[in-house]
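Below are the chains, spelled out letter by letter.
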Amino acid sequence: MRNVLNFLLRYSSWIVLAFFVALSCIMLFRRNPYQHHVLLTSANAFSGGVYSAASNVTGYFNLREINEDLQRRTASLEAEVVSLRAQVASYRNAILQDSLAVNPATSRFKFIIANAINNSVSHPYNYVTIDKGSAQGIRPEMGVMDQNGIVGVVNVVSKNYARVISLLNPNFRLSCKVHDGDAFGSLVWDGKNPREAILEELPKHTKFRKGDTIVTSGFSTVFPEGIPVGVVMGRAHGNDDNFFTLRIRLLTDFSALSTVKVISNTDLVEIRKLEAESEADNTADPRQNGQK
Amino acid sequence: MFVILVVAQVLVFNHLCLWGYAIPLVFIYFIIKLPVTLNLNWVITLSFLLGLSVDIFSNTPGMNALACTLLSVLRLPVMHLYYPRDEDMTNPEPSMRTLGVGTYLKYSLSVTFIYCLMFFLFESFTFYAWLPMIGRTFASTAVTFLIILAIDSFQARRR
Numbered sequence: 002m003r004n005v006l007n008f009l010l011r012y013s014s015w016i017v018l019a020f021f022v023a024l025s026c027i028m029l030f031r032r033n034p035y036q037h038h039v040l041l042t043s044a045n046a047f048s049g050g051v052y053s054a055a056s057n058v059t060g061y062f063n064l065r066e067i068n069e070d071l072q073r074r075t076a077s078l079e080a081e082v083v084s085l086r087a088q089v090a091s092y093r094n095a096i097l098q099d100s101l102a103v104n105p106a107t108s109r110f111k112f113i114i115a116n117a118i119n120n121s122v123s124h125p126y127n128y129v130t131i132d133k134g135s136a137q138g139i140r141p142e143m144g145v146m147d148q149n150g151i152v153g154v155v156n157v158v159s160k161n162y163a164r165v166i167s168l169l170n171p172n173f174r175l176s177c178k179v180h181d182g183d184a185f186g187s188l189v190w191d192g193k194n195p196r197e198a199i200l201e202e203l204p205k206h207t208k209f210r211k212g213d214t215i216v217t218s219g220f221s222t223v224f225p226e227g228i229p230v231g232v233v234m235g236r237a238h239g240n241d242d243n244f245f246t247l248r249i250r251l252l253t254d255f256s257a258l259s260t261v262k263v264i265s266n267t268d269l270v271e272i273r274k275l276e277a278e279s280e281a282d283n284t285a286d287p288r289q290n291g292q293k
Numbered sequence: 009m010f011v012i013l014v015v016a017q018v019l020v021f022n023h024l025c026l027w028g029y030a031i032p033l034v035f036i037y038f039i040i041k042l043p044v045t046l047n048l049n050w051v052i053t054l055s056f057l058l059g060l061s062v063d064i065f066s067n068t069p070g071m072n073a074l075a076c077t078l079l080s081v082l083r084l085p086v087m088h089l090y091y092p093r094d095e096d097m098t099n100p101e102p103s104m105r106t107l108g109v110g111t112y113l114k115y116s117l118s119v120t121f122i123y124c125l126m127f128f129l130f131e132s133f134t135f136y137a138w139l140p141m142i143g144r145t146f147a148s149t150a151v152t153f154l155i156i157l158a159i160d161s162f163q164a165r166r167r
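As they're listed, the protein sequences go chains A and B.
For the first sequence, my numbering gives the first residue as 2, with consecutive numbering after it.
For the second sequence, my numbering gives the first residue as 9, with consecutive numbering after it.
Hints in this document: simulated from the structure, not taken from any laboratory.
None of the values given here were measured: they were computed from a predicted structure.
Treat each hint with caution, since some may be false.
To be verified - Heads up, incomplete: computed chain A residues facing chain B, CB under 7 Å, no partners named:
1) Val22
2) Met28
3) Thr42
4) Ser43
5) Pro125
6) Tyr128
Just so it is clear, CB atoms sit at the ideal spot from N, CA and C, and this is done for glycine as well.
Could you put together the complete structure from these sequences and hints?
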């Protein structure tokens with residue numbers, strides 16, 4: 002017994018060291034960001050509080066640029082409103098003719114305004130922390146955008162804060178298409194430049210030009226269709242010759258994030274329930290067949 | 009000191025990214041300055057907690073914690089490379105006065121380099137190519153070392 006105690010005392014530092022090394026390795030190799038515990042991310046109440054206090058000060062620094070972005074966005078929206086108004090008017094005529102109902106497909110999306118209180122662009126896996134949480138209606142897997150384009154998707158939520166997987170994170174893939182086309186590809190960050198990303202798996206028949214806008218495809222419950230993401234810079238070298246790989250300049254300026262909009266899909270609960278049910282059916286089916 | 013360094017790291021230094029490469033990892037100043045006579049168990053524990061707090065804030069789970077823990081054990085062997093007799097030291101805290109200017113500079117530069125090397129190595133496990141990683145290591149070492157010297161001279165003057 003004494004020998005054991007002596008042994009423990011003599012090698013106590015090694016044991017302490019091994020313990021902490023093992024602990025950090027466990028954290029290090031748990032790569033899937035959805036498995037991170039809320040206490041170990043910047044979404045916990047304490048670090049969220051520190052970051053929101055700091056962003057009260059630093060939030061003013063980028064206001065001029067953000068203001069310009071907003072002006073530009075307002076102008077383009079204004080133009081869109083004018084053209085939509087004209088379309089609505091023409092539809093109204095059509096309704097009068099053959100009673101065609103106009104279905105407002107985007108009305109199932111609502112926006113929650115939040116402030117980005119922390120974000121990084123220099124790591125291989127980047128995250129954004131925002132100052133709204135479950136108490137304000139934020140749930141995991143909600144999309145986040147700012148005045149210019151897509152920011153990311155919420156993954157860890159505490160009561161008043163949430164952590165967002167940034168577009169600058171290879172764990173996040175976004176289904177996108179070339180504006181006014183139908184073929185879609187998958188947008189992913191290659192970890193090199195925070196202003197650029199790669200659009201992969203775009204079918205060969207897609208027509209695109211340098212300077213074309215890339216928008217979200219709407220093939221997910223996270224983002225509505227048609228939110229601008231980036232601009233085509235040119236072909237990139239891909240690892241699959243059957244598809245196009247494009248280099249995209251991102252519209253969102255991740256180094257100057259401030260106010261963001263969290264996209265809340267009011268149908269999300271229903272869609273999730275439906276998916277879960279159909280999945281349960283699929284797994285249950287073979288057994289039923291066997292019984293028959 | 010612990011709190012000040014963590015707050016400074018996560019609010020200021022994490023957002024500095026010079027030439028797209030160099031991130032100053034200034035909080036290791038705490039580990040550099042831990043007294044030589046402090047029980048090794050405490051050194052390891054404090055370093056782990058330091059790394060973990062920076063990790064929590066910057067969403068890099070385990071990277072800084074692992075690097076800090078390893079650094080805390082490597083610190084004394086590194087110092088003994090340059091300065092074999094720590095019985096002579098009147099003040100157990102490593103500084104320019106207790107170790108001499110040259111030795112202290114060598115000691116803190118080596119510790120900083122080891123730390124940056126470990127950190128970017130862990131960061132690059134799955135993702136980065138080797139070349140950018142080496143570039144980032146050297147650039148960050150240089151920037152971190154300069155800032156640590158600045159903090160050091162500031163502290164020395166205040167005393």
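Given a cut of 7 Å on the nearest C-beta pair, is the interface hint for Met28(A) held or broken against chain B?
Status holds, d = 3 Å.
Does the nearest C-beta of chain B fall within a distance shorter than 7 Å of the C-beta of Thr42(A)?
holds (6 Å)
Interface hint outcome for Tyr128(A) [beta carbon to chain B under 7 Å]
OK, holds: Tyr128(A) within 7 Å of chain B, min 4 Å.
Interface hint check: Ser43(A), Cβ to nearest Cβ on chain B, cutoff 7 Å. Holds or violated?
Status holds, d = 5 Å.
Closest C-beta approach of Val22(A) to chain B relative to 7 Å, hint status:
Given a least distance of 6 Å, the restraint on Val22(A) holds.
Does the nearest C-beta of chain B fall within a distance shorter than 7 Å of the C-beta of Pro125(A)?
holds (4 Å)
Figure legend: structure checked against the earlier numbered hints; every hint is met.
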